[in-house]
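Enquirer: Read off the chains here:
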Amino acid sequence: MIWDWAYTWDILPELLRGLVVTVQATLVGSVVALVLGLVLALLRRSRLAVIRIVTGGFVEFVRSTPLLVQLYFLFFVLPSLGITLSGFQAGVIGLGVHYATYTSEVYRAGIEGVPRGQWEAATALNLPSSRVWRSVILPQAIPRVLPALGNYVIAMFKETPLLSAITVLEMLAAAKGIGNQTFRYLEPLTLVGLLFLLVSLPASFTVRRLERRFGH
Amino acid sequence: MDTDKLADVVHVEPPAAREMVRFDKVVKRYGDNVVLRELDFHVKPGERITLIGPSGSGKTTILRLLMTIEKADEGKIHVDGDCLTHTRRGDHDVPADEKHIRQVRKKIGMIFQQFNLFPNMKVLRNVSEAPVHCLGLSRGEAEARAIELLELVGLGTKVDAYPSQLSGGQQQRVAIARALAMQPKVLCLDEVTSALDPELVAEVLNVLRNVAASTDITMLCVTHEMKFARDVSDRVLMFDKGQIVEEAPPDKLFTQPEHQRTRTFLRAVLEEH
Ligand SMILES: Nc1ncnc2c1ncn2[C@@H]1O[C@H](COP(=O)(O)OP(=O)(O)OP(=O)(O)O)[C@@H](O)[C@H]1O
Ligand SMILES: [Mg+2]
Numbered sequence: 166m167i168w169d170w171a172y173t174w175d176i177l178p179e180l181l182r183g184l185v186v187t188v189q190a191t192l193v194g195s196v197v198a199l200v201l202g203l204v205l206a207l208l209r210r211s212r213l214a215v216i217r218i219v220t221g222g223f224v225e226f227v228r229s230t231p232l233l234v235q236l237y238f239l240f241f242v243l244p245s246l247g248i249t250l251s252g253f254q255a256g257v258i259g260l261g262v263h264y265a266t267y268t269s270e271v272y273r274a275g276i277e278g279v280p281r282g283q284w285e286a287a288t289a290l291n292l293p294s295s296r297v298w299r300s301v302i303l304p305q306a307i308p309r310v311l312p313a314l315g316n317y318v319i320a321m322f323k324e325t326p327l328l329s330a331i332t333v334l335e336m337l338a339a340a341k342g343i344g345n346q347t348f349r350y351l352e353p354l355t356l357v358g359l360l361f362l363l364v365s366l367p368a369s370f371t372v373r374r375l376e377r378r379f380g381h
Numbered sequence: 053m054d055t056d057k058l059a060d061v062v063h064v065e066p067p068a069a070r071e072m073v074r075f076d077k078v079v080k081r082y083g084d085n086v087v088l089r090e091l092d093f094h095v096k097p098g099e100r101i102t103l104i105g106p107s108g109s110g111k112t113t114i115l116r117l118l119m120t121i122e123k124a125d126e127g128k129i130h131v132d133g134d135c136l137t138h139t140r141r142g143d144h145d146v147p148a149d150e151k152h153i154r155q156v157r158k159k160i161g162m163i164f165q166q167f168n169l170f171p172n173m174k175v176l177r178n179v180s181e182a183p184v185h186c187l188g189l190s191r192g193e194a195e196a197r198a199i200e201l202l203e204l205v206g207l208g209t210k211v212d213a214y215p216s217q218l219s220g221g222q223q224q225r226v227a228i229a230r231a232l233a234m235q236p237k238v239l240c241l242d243e244v245t246s247a248l249d250p251e252l253v254a255e256v257l258n259v260l261r262n263v264a265a266s267t268d269i270t271m272l273c274v275t276h277e278m279k280f281a282r283d284v285s286d287r288v289l290m291f292d293k294g295q296i297v298e299e300a301p302p303d304k305l306f307t308q309p310e311h312q313r314t315r316t317f318l319r320a321v322l323e324e325h
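Keeping their order, the protein sequence lines are chains A and B. First residue of the first sequence? That's 166 in our numbering, and the numbers climb one at a time after it. First residue of the second sequence? That's 53 in our numbering, and the numbers climb one at a time after it.
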């Protein structure tokens with residue numbers, strides 16, 4: 166089998182449309198993961214034991230079940246409970262919630278890395294606790310964990326092909342569709358790999374620069 | 053540093069009670085380790101006391117309880133007529149909630165051995181942040197006051213520096229300005245020069261001498277700087293195992309201590325210096 170350039174140019178636009186969907190899913194999913202992860206990390210430090218335990222249980226549950234099962238649940242089971250989500254919606258919620266359980270651990274480590282003296286100084290200045298979080302703790306905790314968060318965003322990007330299982334026309338689904346019609350898989354699948362690489366490499370490079378910038 | 057100027061910038065409200073700080077049978081334990089056992093003492097408004105005693109005798113714990121960084125297991129702490137540890141509900145006392153603690157804590161400030169400046173904020177912000185969020189000053193007012201205070205501690209040129217760009221002595225002077233910006237009635241100082249290189253100790257102590265000379269702030273000071281303690285304090289409390297062994301004005305306590313425990317402790321400290 167030899168590489169068919171004419172065919173390559175033919176299918177490229179469709180694959181790029183798939184790439185756009187992939188990137189969109191990653192971006193929206195990341196926002197969910199980064200915001201919800203922080204919320205989970207804060208809830209796990211709540212003064213109320215009930216909140217800590219429920220949050221901890223939720224995180225444990227989500228982490229110990231496969232993402233694909235969660236995606237199926239959101240897409241196929243929720244409608245029978247009266248909640249119908251599009252494939253894309255179910256996909257970004259599934260990715261976001263799943264990765265939020267990882268990012269919550271990252272935030273937690275970052276928060277615990279802030280020296281105790283910072284909390285004590287904030288107490289001595291009588292700062293209200295919402296202000297302590299916003300002005301003192303998070304501005305010190307988050308820069309340190311940006312590289313780790315970035316790595317999870319990249320990992321999520323590489324897991325988006327799972328969304329093809331719930332009808333989302335991301336890049337892999339697009340390639341498979343093309344292959345099914347033309348019976349040529351070499352070009353579409355190779356291109357998918359290359360396009361993933363094309364986005365992942367600069368992203369990894371950026372994360373490594375963040376690591377150097379913020380050290381440990 | 054201009055002493056009169058400092059008095060202009062730091063307005064401390066007049067005391068509301070005859071005692072500024074009172075510990076009432078305060079007990080503090082860490083597990084089985086009883087650090088303070090039914091400790092009683094009081095400090096009058098404007099009084100400067102120095103707490104001395106061997107390592108582990110509970111000096112830091114006392115300041116941390118007063119600053120509400122730690123909670124007492126038993127007993128009560130009063131500040132300026134308000135109970136810090138309890139509130140009244142019906143006809144009995146219940147442990148104070150966060151809102152009540154914040155209300156009373158306004159009157160207290162602390163300076164730490166390790167400075168504990170906020171590394172993510174410039175010096176100006178370190179000093180002006182709390183007045184904005186706790187005293188209700190506008191950003192402009194708070195910054196103007198912060199600049200005045202920073203000038204008074206000799207750091208008028210460092211407002212735009214980050215703490216990491218300053219020497220230890222400069223950082224500690226920022227911390228003093230930061231505490232004063234909150235107009236505390238009581239100031240807790242826990243070995244504030246112990247983390248400094250020897251040549252930087254004097255600049256910090258001089259600032260503190262001026263604070264003592266020009267304000268009415270009540271000060272509780274843990275220090276091994278005996279000269280400073282002698283110059284500044286009205287009364288020295290000697291602690292051992294969480295209890296007061298002896299208390300006297302510095303001239304008396306440092307020259308004619310009554311208790312053997314105090315004598316051995318002072319001898320050890322003097323040899324070290
Ligand atoms: N967070 C803590 N957990 C357990 N024990 C503690 C804690 N903080 C203090 N202690 C114990 O309480 C006792 C009193 O400690 P504290 O720090 O008040 O002593 P100190 O008089 O300030 O001593 P130093 O001169 O060394 O600073 C010590 O036995 C110490 O080990
Ligand atoms: Mg101590």
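Keep in mind that the hints were calculated from the coordinates and are not lab data. Please read these numbers as outputs of a predicted model, since none were measured by experiment. Hints are not guaranteed to be accurate.
[To be verified] Derived EDC-like pairs: lysine to aspartate or glutamate, alpha-carbon spacing no greater than 16 angstroms straight-line:
hint: 1; chain 1: B; residue 1: Lys158; chain 2: A; residue 2: Asp175
hint: 2; chain 1: B; residue 1: Lys123; chain 2: A; residue 2: Glu225
hint: 3; chain 1: B; residue 1: Lys77; chain 2: B; residue 2: Glu65
hint: 4; chain 1: B; residue 1: Lys174; chain 2: B; residue 2: Asp145
[Said to hold, decoys possible] With beta-carbon atoms standing in for the labels, derived distance ranges:
hint: 5; chain 1: B; residue 1: Lys304; chain 2: A; residue 2: Gly221; range: 22 to 28 angstroms
hint: 6; chain 1: B; residue 1: Lys174; chain 2: A; residue 2: Glu225; range: 37 to 43 angstroms
hint: 7; chain 1: B; residue 1: His276; chain 2: A; residue 2: Ser229; range: 27 to 33 angstroms
hint: 8; chain 1: A; residue 1: Ser229; chain 2: B; residue 2: Gln155; range: 53 to 59 angstroms
hint: 9; chain 1: A; residue 1: Val200; chain 2: B; residue 2: Gln155; range: 49 to 55 angstroms
hint: 10; chain 1: B; residue 1: Asp92; chain 2: A; residue 2: Arg281; range: 25 to 31 angstroms
hint: 11; chain 1: B; residue 1: Asn85; chain 2: A; residue 2: Val242; range: 36 to 42 angstroms
hint: 12; chain 1: A; residue 1: Glu225; chain 2: B; residue 2: Pro106; range: 44 to 50 angstroms
hint: 13; chain 1: A; residue 1: Pro308; chain 2: B; residue 2: Gly188; range: 28 to 34 angstroms
hint: 14; chain 1: B; residue 1: Arg70; chain 2: A; residue 2: Phe226; range: 41 to 47 angstroms
hint: 15; chain 1: A; residue 1: Ile248; chain 2: B; residue 2: Ala213; range: 53 to 59 angstroms
hint: 16; chain 1: B; residue 1: Pro301; chain 2: A; residue 2: Val200; range: 28 to 34 angstroms
All C-beta atoms in this analysis are idealised placements derived from N, C-alpha and C, irrespective of residue type, glycine included.
Enquirer: Below or equal to 16 angstroms on CA atoms is what counts here, so check lysine 158 of chain B against aspartate 175 of chain A.
Expert: 71 angstroms, violated
Enquirer: Determine whether the Cβ-Cβ distance between lysine 304 of chain B and glycine 221 of chain A falls within the hinted range of 22 to 28 angstroms.
Expert: Violated, since lysine 304 of chain B and glycine 221 of chain A (Cβ atoms, about 58 angstroms apart) do not stay within the stated range.
Enquirer: Determine whether the Cβ-Cβ distance between lysine 174 of chain B and glutamate 225 of chain A falls within the hinted range of 37 to 43 angstroms.
Expert: 41 angstroms, holds
Enquirer: With 49 to 55 angstroms as the target window, see if valine 200 of chain A and glutamine 155 of chain B comply at their CB atoms.
Expert: 33 angstroms, violated
Enquirer: Given the hint that lysine 123 of chain B pairs with glutamate 225 of chain A, test it: the Cα-Cα distance must not exceed 16 angstroms.
Expert: At roughly 33 angstroms apart (the allowed maximum being 16 angstroms), glutamate 225 of chain A and lysine 123 of chain B break the hint.
Enquirer: Could you see if the CB distance from histidine 276 of chain B to serine 229 of chain A stays within 27 to 33 angstroms?
Expert: 54 angstroms, violated
Enquirer: Given the range 53 to 59 angstroms, decide if the beta-carbon distance of serine 229 of chain A to glutamine 155 of chain B lies inside it.
Expert: 45 angstroms, violated
Enquirer: Starting from lysine 174 of chain B, check that the Cα of aspartate 145 of chain B is at most 16 angstroms away, please.
Expert: Since the Cα atoms of lysine 174 of chain B and aspartate 145 of chain B sit roughly 42 angstroms apart, the hinted pair is violated (cutoff 16 angstroms).
Enquirer: Tell me if the straight-line CA distance from lysine 77 of chain B to glutamate 65 of chain B falls inside 16 angstroms.
Expert: 28 angstroms, violated
Enquirer: Honestly, do asparagine 85 of chain B and valine 242 of chain A meet the 36 to 42 angstroms range at C-beta?
Expert: 54 angstroms, violated
Enquirer: Honestly, do isoleucine 248 of chain A and alanine 213 of chain B meet the 53 to 59 angstroms range at C-beta?
Expert: The hinted range 53 to 59 angstroms holds for isoleucine 248 of chain A and alanine 213 of chain B, with Cβ atoms some 54 angstroms apart.
Enquirer: Confirm or reject the claim that arginine 70 of chain B and phenylalanine 226 of chain A have a C-beta distance inside 41 to 47 angstroms.
Expert: 59 angstroms, violated
Hint compliance for this structure: hints 1, 2, 3, 4, 5, 7, 8, 9, 11, 14 and 16 are not met, and every other hint is.
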